[in-house]
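Use these hints to put chain D onto chain U, whose structure you have.
Protein chains in written order, with the UniProt record's numbering: chain U, 1 to 201; chain D, 1 to 201.
Keep in mind the hints are simulated off the structure, nothing from the lab.
Mixed in with the good hints there might be a few duds.
Pairs involving identical chains hold if they fit within one copy or between any two copies, as the list cannot separate such chains.
Said to hold, decoys possible - The calculated lysine-lysine pairs, modelled on BS3-like cross-linking and capped at a C-alpha distance of 27 Å, are:
hint	residue 1	residue 2
1	Lys-19	Lys-56
2	Lys-56	Lys-39
3	Lys-19	Lys-39
4	Lys-38	Lys-56
5	Lys-19	Lys-37
6	Lys-19	Lys-38
The structure presented is a predicted model; accordingly, all values stated were derived computationally and were not measured.
Protein chains: 2
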Amino acid sequence: MSKRIAGPEIERLIQLLAKVPGLGPRSARRAALHLIKKKEQLMEPLAVAMGEAVDKVRICSTCGNVDTSDPCTMCTDPRRDDTTIIVVEDVSDLWALERAGAMNARYHVLGGTLSPLDGIGPDDLNIRGLVNRVAAGGVSELILAVNATVEGQTTAHYITDQLEGMGVKVTRLAHGVPVGGELDYLDEGTLSAALRSRTAF
Amino acid sequence: MSKRIAGPEIERLIQLLAKVPGLGPRSARRAALHLIKKKEQLMEPLAVAMGEAVDKVRICSTCGNVDTSDPCTMCTDPRRDDTTIIVVEDVSDLWALERAGAMNARYHVLGGTLSPLDGIGPDDLNIRGLVNRVAAGGVSELILAVNATVEGQTTAHYITDQLEGMGVKVTRLAHGVPVGGELDYLDEGTLSAALRSRTAF
Numbered sequence: 001m002s003k004r005i006a007g008p009e010i011e012r013l014i015q016l017l018a019k020v021p022g023l024g025p026r027s028a029r030r031a032a033l034h035l036i037k038k039k040e041q042l043m044e045p046l047a048v049a050m051g052e053a054v055d056k057v058r059i060c061s062t063c064g065n066v067d068t069s070d071p072c073t074m075c076t077d078p079r080r081d082d083t084t085i086i087v088v089e090d091v092s093d094l095w096a097l098e099r100a101g102a103m104n105a106r107y108h109v110l111g112g113t114l115s116p117l118d119g120i121g122p123d124d125l126n127i128r129g130l131v132n133r134v135a136a137g138g139v140s141e142l143i144l145a146v147n148a149t150v151e152g153q154t155t156a157h158y159i160t161d162q163l164e165g166m167g168v169k170v171t172r173l174a175h176g177v178p179v180g181g182e183l184d185y186l187d188e189g190t191l192s193a194a195l196r197s198r199t200a201f
Numbered sequence: 001m002s003k004r005i006a007g008p009e010i011e012r013l014i015q016l017l018a019k020v021p022g023l024g025p026r027s028a029r030r031a032a033l034h035l036i037k038k039k040e041q042l043m044e045p046l047a048v049a050m051g052e053a054v055d056k057v058r059i060c061s062t063c064g065n066v067d068t069s070d071p072c073t074m075c076t077d078p079r080r081d082d083t084t085i086i087v088v089e090d091v092s093d094l095w096a097l098e099r100a101g102a103m104n105a106r107y108h109v110l111g112g113t114l115s116p117l118d119g120i121g122p123d124d125l126n127i128r129g130l131v132n133r134v135a136a137g138g139v140s141e142l143i144l145a146v147n148a149t150v151e152g153q154t155t156a157h158y159i160t161d162q163l164e165g166m167g168v169k170v171t172r173l174a175h176g177v178p179v180g181g182e183l184d185y186l187d188e189g190t191l192s193a194a195l196r197s198r199t200a201f
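Okay, chain U solo, but in the shape it has when bound:
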């Protein structure tokens, strides 16, 4: 903004809203105005909710998830299968898998991937915690739900090496055609993988 259009508190609100992913400078102004108009119904509860989240959010000491309790909702849920751990890079991946709702397993959040170029080694990730969980026993399968990137695959291989001889089955997500996807738009790597992993019809 070139000129001040409102008091410093409103300007600051707009500036901060513009840093929220999904909002740019223009939509931040629109959002600020909407919040101002819905002061009691939306802005006040949102301010309170954010304040509470700031106070209560912590990292789960078991799995590395972020939540307002430690151990987190996933680790304390009694209906989950203790024998399977799904390993993800980030909390957003955990949330995505939960939305899919395909498995009621436990999780382990690595907090990133191995990336020597960025100086991220095994000690920067939550890998030791994973090895300890497996060593503690009771886990029969580890599903490596890391991204299908070079870093993700490198991390997957490193973890597999660390778990060598611990008697746990290590699996990874299937490669293939996305549901609803059109072959014409898919890359060769995905198509080759989908062909290799073809299943009976």
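Frame of chain U, contents of chain D only:
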């Protein structure tokens, strides 16, 4: 969300964020996660900024603008021309005109448009305040920057009638081709108006 993916505080934060214009349910989750990760740098300041805005935002008793002071930033700015008032429907229009930065005039925010079908009459809008400002003297021009809709134009006519005989010049925004606009995509009404209002080249 079908299943609980995190503690109630985080779920509530996501629910409230999803009500912010520009964010949907999916981007609200992404925004919540980003806020949690940037707890100190973004979420805490944003919570504070919203709390302050809740406490301080008020409606300017002179022009109807929303701001953290009354009279507002626009009404107290000493560099603005007191003889011209730009009449807008909503604060968002005021902000849009300020971004254009074309005029250093005063503003008057109506808070909507006349709409008999929705039961919005002259007393529901900030029209009496506008007439009083003009009656107080010192205003030579009133620019009706209302939307080019039926309601906007009806409101413009009503205001013009109310100011009859008060010796103030009433103008409205020009109709024409938007800058950067392609004729091919413009409606007939706009093209006709642009032709009628053609200017020397």
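Okay, the hints, checked on the actual structure:
| no. | hint | result |
| --- | --- | --- |
| 1 | Lys-19 x Lys-56 | both (22 Å within a copy, 22 Å between copies) |
| 2 | Lys-56 x Lys-39 | both (24 Å within a copy, 11 Å between copies) |
| 3 | Lys-19 x Lys-39 | both (21 Å within a copy, 13 Å between copies) |
| 4 | Lys-38 x Lys-56 | both (26 Å within a copy, 14 Å between copies) |
| 5 | Lys-19 x Lys-37 | both (21 Å within a copy, 13 Å between copies) |
| 6 | Lys-19 x Lys-38 | both (21 Å within a copy, 10 Å between copies) |
Figure legend: structure checked against the earlier numbered hints; every hint is met.
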